[in-house]
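Based on the hints, put chain R in the right spot on chain V.
The listed protein sequences derive, respectively, from chains V and R. Position one of the first sequence corresponds to residue 1 (full-length UniProt numbering), numbered consecutively onward. Position one of the second sequence corresponds to residue 1 (full-length UniProt numbering), numbered consecutively onward.
Do not take every clue at face value.
Copies of the same chain look alike in the list, so a pair counts if it fits in one copy or across any two.
As the list claims (entries may be wrong) - 25 Å max Cα-Cα, derived DMTMM-like pairs, lysine to aspartate or glutamate:
1) K125 to D378
2) K33 to E76
3) K125 to D14
4) K125 to E76
These aren't lab readings, by the way, just hints derived from the structure by calculation.
Number of protein chains: 2
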Amino acid sequence: MSDAAAPSSVRFADRLANVETSAIRELFKLLGKPGIISFAGGFPDAALFDVDGIREASLAALATNPGAALQYGATEGFDPLREQLAAFMAVKGVTELSPADLIVTTGSQQALDLIGKTLISPGDKVIVEGPTFLATIQCFKLYGAELITVPVDGQGADVDALERQIEQHRPKLVYLIPAFGNPSGATMSLQRRRRVLELAARTHTLVVEDDPYGDLYFDQPPPPSLLALSAQVPGSRACLVHCGSLSKVLSPGLRIGWMVAPPALLAKATMCKQFSDAHTSTLAQAIAAQYLAAGRMPATLARVRSIYARRAQAMVQALRQTLGDTIDFVPPQGGLFVWARLTGAGGACHDGGVLAQRAIERGVAFVPGAPFFARQPDHATLRLSFATVDEDRIREGVQRLRAALGT
Amino acid sequence: MSDAAAPSSVRFADRLANVETSAIRELFKLLGKPGIISFAGGFPDAALFDVDGIREASLAALATNPGAALQYGATEGFDPLREQLAAFMAVKGVTELSPADLIVTTGSQQALDLIGKTLISPGDKVIVEGPTFLATIQCFKLYGAELITVPVDGQGADVDALERQIEQHRPKLVYLIPAFGNPSGATMSLQRRRRVLELAARTHTLVVEDDPYGDLYFDQPPPPSLLALSAQVPGSRACLVHCGSLSKVLSPGLRIGWMVAPPALLAKATMCKQFSDAHTSTLAQAIAAQYLAAGRMPATLARVRSIYARRAQAMVQALRQTLGDTIDFVPPQGGLFVWARLTGAGGACHDGGVLAQRAIERGVAFVPGAPFFARQPDHATLRLSFATVDEDRIREGVQRLRAALGT
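In isolation and in its complexed conformation, chain V is listed as follows (with noise of 0.2 Å):
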């Protein structure tokens, strides 16, 4: 069975044509090259997992209700497991939220794998943000749509443009990250927020908010999600989908996320789930309900947003005095990235694919923007994560950055 090329036994979907296998996958080959410093992961610290509350949670979990733990669920999920997260959300300003009003996902990406499936033909149009999260990306043109960027800046997602996008496309759905965006690192403004709603509520246009980030602020929290701010908004909550997950606050590997939504797309979205999966693991689901009810979510909480805290200022710090005007970025409040651009000044390196490769030579890996655009990639921007490594190794990692700009 070495032989790659299909046998002439299997043919392929024709959606499979509209999907390509990421250029990032080739660079994290590299990553496993000795001594390197890499700022090009997208996910959580494992050294900040709260092993002993997940162990705790596992045996309890086992010792509650073990037969109903290891057994078939319900495909809306485990219901103690919905209901501690109607209470987590409604901690985070959603009132009005009834554990029937959400589902559990096999992690966030099946909500947007269920959100494709249910909602997209082939050919519909897709607003997302440029840049935006790359499985998204790919996840939505599976199913067949044609995606339409609307630009960010510091400020997340440039409503003007995006309601002129609405008027001319008639998009199927509207997917955006308003709280410190993957890979933007931007924090949408209250301001924002609210003509967002106020948009899709006039235009009815459904809106997706991804917040996988959200709880993962430095200082200040972000302005209320779309769905918390919805109340305030008449209208704009039948047009509003939410996604959550666990996987950057607690742990990936549960891979337990959440999605909210209008009553009738969330049950078709059941549906569809039934038919991809079944249900998410019920034993992730009853220790996750465990570790939620236990209350150590708070404490979890407030330790890894100083130590991501720390590190993203170690990182903007060393950005800064180390690269100088080479380099522009907007300090994120939150989350896991710096997102920078290449300004080429004093005839330094302006394009980020070419960075890599000559970063990886000097013991740094970072993932280059390009491939984060749905259109029109800006050829100059890259993503930094700060999450995994510590301030020395970022400083030390901005110097083999430096040198690897050549300036």
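Leaving out everything else, chain R in the frame of chain V:
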């Protein structure tokens, strides 16, 4: 959020028009009635789960390498589990299978979804057994498959009919459950298995073998799986996909399945999985790997086999003695199901749907067989699961069935 009508902002994808909500789901709502004896389930008995073994495996997974067990993982699967699964397959006669030849899926339901996503374009023809697994029918229909059925008898799918269907329809794939099928309970004979492989190789037709029940035999193991036999039939391995699962033998709540396929197909399925749920719960995978490594599976299998064998025998005897010639069936040699046909002898009810309603009133539940047919339903059929009911209750349930039959 109580209005179930879709707001004007929600316009569903065309593919949803291909599936309808299952009639069985409506029936399942009645199962909460007190005192009901349910033969309606399609799941293993939670009372048989090896909770101690899974607790030990959980502790081991969180002690050995908690960072890895709780972090993002490779889309292909957690390597220690892939190694254990390859070894598990080797015990069942699948030689020359390396861990790289399989990917871990979120239950075998996800393997079906990935097969659909990777292979099926709208209008593609797919051959399935009549009757077959309901969630396969719906899953493939969501990708636009046009389903063709091949009849099943006590020896499994009718291979003469299959050959004709393949020649006539040139299907994208053939989907079979050769061992103790759901709902048929049938075991495909060795001779038919060989013929299926020869047919696949000769006509370059992709065959999907779904094998969640093969380990649940009562007396003798079933004939070797198509995957095991493919070593003996030149050219057949390149036409074969095999789906396995721990759901029926260990715990459905873990959601651990796997898929063996030709490399080119496995690569595309991996790409599709990346955008479906990124990867299967790493923690669940680490627990399953520890469980298999601990060597507990043989004893667990021996225990569930003997208990299901006794329950199956109790049901077979009770059906024969109590229902006589009003019902016809082939006793299963393994699995969870008796598949039966109402003969109407002596004026007894011969409609499975009608009988199901009457049976609920008498305090016994089962699933009518018609929905398991992708085409031309046989309304006289029914599926009875003995897996979760003890022997006395089985006999009592069959007495109630007799009352419902009106004989």
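So which hints don't hold here, by number, going up?
The structure breaks only hint 4.
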